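There are 2 protein chains.
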Amino acid sequence: MTSSTDDTAPGTRRRGRRGGGQDTREALLRAAREVFPVEGYDRATVRTIARRAGVDPAMVNHWFGGKENLFTASVAIPVNPASIVHEFVTGDPDRIGERMVRRFVTVWDEAEGGSFTALLRSITATEEASRMLREFLTTSLFGRLTRELEVDQPQMRAALCGTQMAGLGLMRYVLHLEPLASADRERVVAAIAPTLQRYLTGDIDGVA
Amino acid sequence: MTSSTDDTAPGTRRRGRRGGGQDTREALLRAAREVFPVEGYDRATVRTIARRAGVDPAMVNHWFGGKENLFTASVAIPVNPASIVHEFVTGDPDRIGERMVRRFVTVWDEAEGGSFTALLRSITATEEASRMLREFLTTSLFGRLTRELEVDQPQMRAALCGTQMAGLGLMRYVLHLEPLASADRERVVAAIAPTLQRYLTGDIDGVA
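Protein sequences appear in the order of chains A and B. Numbered per numbering that gives the first Met the number 0, the first sequence finishes at 207, counting up by one with no gaps. Numbered per numbering that gives the first Met the number 0, the second sequence finishes at 207, counting up by one with no gaps.
In isolation and in its complexed conformation, chain A is listed as follows (with noise of 0.2 Å):
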C-alpha cells in the first residue's frame, strides 16, 4: 500500500526531514499558512517555517525562490512582486498606470477570481492577518514600486493605488458588480488607468 513516491518507512515521515520532493513544497505552505498570520511579513522567517514544515531551509529558495514568492504562494497572491514592479516601471512612464490594472486584471481574471475573495476573507477575520497583509504591501510591493518611480509622497502614492486595485478586485470578484463584471478587460484598462497614473505620477493635492 506504499506508495512508490514515499520511499519512508512509514512513521518515520514526520519525525525525520522531508526530502525535496513535491510534498516539501506543500509542508512548506502549510507552515508559511500557520507562521506568517502569528508572526508578521517582516518578522517571520525562513528558517522558523522551514523549522515547522520539517525542512531544510534551502528549501524555500528551491521552491520558491525566498520569503517573499512563498508568502504570495501561501496566500494565494498569483504574482511575483518584484517581477512585476519590474515590468510596472519597465517602458514610457506616462503608461503605468495602463500596465499596472491591465496586469492586475489579466492576472485575476485568469485565477478566476476566487482567491480574491479568499484573500480578502483572510484578511479581514483577524487583526493580524491584516497586518500581515499591510506589511508584505508595505515592504514588498509598494516600497519597491515608489522607490523606482523616484516621486514625492511616495508612501501616499503606493497606498492610492492600492485602493484602486483592491476596490475594483472587491467589485469585479468578490460582488460579482455588472456591468463591470463582465466588462471586457481593455474597457476596465480604459476607465481606470488614468486614476492610477495620476495616483502615481500626477497631481494628488488637489491644487492644479
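Bear in mind the hints are in silico, worked out from the structure with no lab data behind them. A portion of the hints provided could be inaccurate.
[Unchecked claim] Not the full set, but computed from the structure, chain B residues with beta-carbon under 7 Å of chain A:
1) ARG120
2) THR123
3) ALA165
4) GLY166
5) LEU169
6) ILE203
[As the list claims (entries may be wrong)] Label-pair restraints from in silico Cβ distances:
7) B:VAL106 - A:GLY201: 26 to 32 Å
8) A:GLU149 - B:SER82: 42 to 48 Å
9) A:GLU33 - B:ASP204: 42 to 48 Å
10) A:ASP151 - B:THR89: 34 to 40 Å
11) A:ARG42 - B:ASP41: 45 to 51 Å
[Said to hold, decoys possible] Derived pair list, reagent style SDA-like, types lysine to any residue, alpha-carbon separation capped at 25 Å:
12) B:LYS66 - A:GLU177
13) A:LYS66 - A:GLN21
14) B:LYS66 - B:THR138
15) B:LYS66 - A:HIS175
16) B:LYS66 - B:ALA124
17) A:LYS66 - B:GLU177
18) B:LYS66 - B:GLU33
19) B:LYS66 - B:ASP22
20) B:LYS66 - B:GLU25
21) B:LYS66 - B:LEU28
22) A:LYS66 - B:HIS175
23) A:LYS66 - A:ALA110
Computed from a predicted structure; not experimentally measured. Each residue gets a CB set at the ideal place from its N, CA and C atoms; glycine is no exception.
Since the structure of chain A is provided, determine the placement of chain B on it from the hints.
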C-alpha cells in the same frame, strides 16, 4: 426581577406580537439579518421580516422608515440611501466627487471603521451575502444616483465609483495602510475626489 420597561409577563413575549418599544427594533434587526441573506435584498419583504420578528409590519416604517433603512441598519451601513443621493446631486455638479468622498470618509471615520470590516467580512463569507449587498447597491444607491445624474453608461459609472469607495474603505479601515489610514480627511478628499468626478461625469473610455 422584571424590568420596568418590559411589562409583558415572562414567557409570553415570544409568542405574542411585540409592542412598539426598543425590543421591537432589536427584533426587527435580528430578523432582517436572518432574512436578507437568504432572500436577497430585492426579494425580501417588510412583511416577511416583520412576521419573523413577531411584530406588526407597520413597525418597520415606525422604526426604520422602510425596507432600505432597515437593511442599512442591519448590516451597519451608517447612511440613508435616499438622503445621501439627494445630498450628492444637490449643488455644483462639478463637485459631486468631492461631496461623495467627503461624506464617505466622514461617515466611516465616525463609525471608527470597525463596522466596515464587519461589512466586508459578511459579504466575503457567502455568495448569498455578496448578492444581497450587490442588489442593495444596484437598486438603492447606484441606480438612484445615476438616474438623477442623467449620464451615459450609468451602471458602469456607478460601479467604477463603487470600486474607488470600497477600496478606500478597505485600505483606510481594514488594512490601516499608512499614511492613508491617518491622513486628514481633506487630504483624502483632495486625492480621491477627481477620480470619482471622472467616473461620474468624465471620460471613462480612454479616448480623450
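Results for each hint:
The beta carbon of ARG120 (chain B) is positioned within 7 Å of a beta carbon in chain A (closest approach about 4 Å), and the interface hint is therefore held. Here the hint on THR123 (chain B) is kept, as its CB sits about 4 Å from the closest CB of chain A, short of 7 Å. Below 7 Å, beta-carbon pairs count as interface contacts, and ALA165 (chain B) has one with chain A at about 4 Å; its hint therefore holds. This hint holds: GLY166 (chain B) has a C-beta 2 Å from the nearest C-beta of chain A, less than the 7 Å allowed.
For LEU169 (chain B), the interface hint holds, since its Cβ comes within 7 Å of a Cβ in chain A; the closest pair sits about 5 Å apart. The interface hint given for ILE203 (chain B) is met, as the beta carbon of that residue sits about 4 Å from the closest beta carbon of chain A, less than 7 Å. For the pair VAL106 (chain B) and GLY201 (chain A), the supplied restraint of 26 to 32 Å holds, since their beta-carbon distance comes to about 27 Å. In this structure the hint that GLU149 (chain A) and SER82 (chain B) lie 42 to 48 Å apart at CB holds, the actual value being about 45 Å.
Distance hint check for GLU33 (chain A) and ASP204 (chain B): the Cβ-Cβ separation is about 47 Å, which falls inside the suggested range of 42 to 48 Å. For the pair ASP151 (chain A) and THR89 (chain B), the supplied restraint of 34 to 40 Å holds, since their beta-carbon distance comes to about 36 Å. Remark: the range hint 45 to 51 Å for ARG42 (chain A) to ASP41 (chain B) is upheld by a beta-carbon distance near 47 Å. Simply put, LYS66 (chain B) and GLU177 (chain A) have alpha-carbon atoms about 23 Å apart, close enough for the 25 Å limit, and the pair holds.
With a C-alpha separation of about 18 Å, the suggested pair LYS66 (chain A) and GLN21 (chain A) falls inside the 25 Å cut-off, and the hint holds. Simply put, LYS66 (chain B) and THR138 (chain B) have alpha-carbon atoms about 12 Å apart, close enough for the 25 Å limit, and the pair holds. Taking the CA atoms of LYS66 (chain B) and HIS175 (chain A), the gap is near 23 Å; set against the 25 Å cutoff, the hint holds. Of the supplied pair hints, the one linking LYS66 (chain B) and ALA124 (chain B) holds, its CA atoms being roughly 23 Å apart against a limit of 25 Å.
For a cut-off of 25 Å, the pair hint linking LYS66 (chain A) to GLU177 (chain B) stands: about 23 Å separates their Cα positions. Distance check on the hinted pair: LYS66 (chain B) and GLU33 (chain B) sit about 14 Å apart at the alpha-carbon level, within 25 Å; holds. Distance restraint check for LYS66 (chain B) and ASP22 (chain B): the Cα-Cα separation of roughly 18 Å lies within the 25 Å cut-off, and the hinted pair is therefore satisfied. A threshold of 25 Å between alpha carbons decides the hint, and for LYS66 (chain B) with GLU25 (chain B) the separation of about 15 Å falls inside it, so the pair holds.
With a C-alpha separation of about 11 Å, the suggested pair LYS66 (chain B) and LEU28 (chain B) falls inside the 25 Å cut-off, and the hint holds. Simply put, LYS66 (chain A) and HIS175 (chain B) have alpha-carbon atoms about 23 Å apart, close enough for the 25 Å limit, and the pair holds. Among the hinted pairs, LYS66 (chain A) with ALA110 (chain A) is consistent with the structure: their alpha-carbon atoms are about 22 Å apart, no more than 25 Å.
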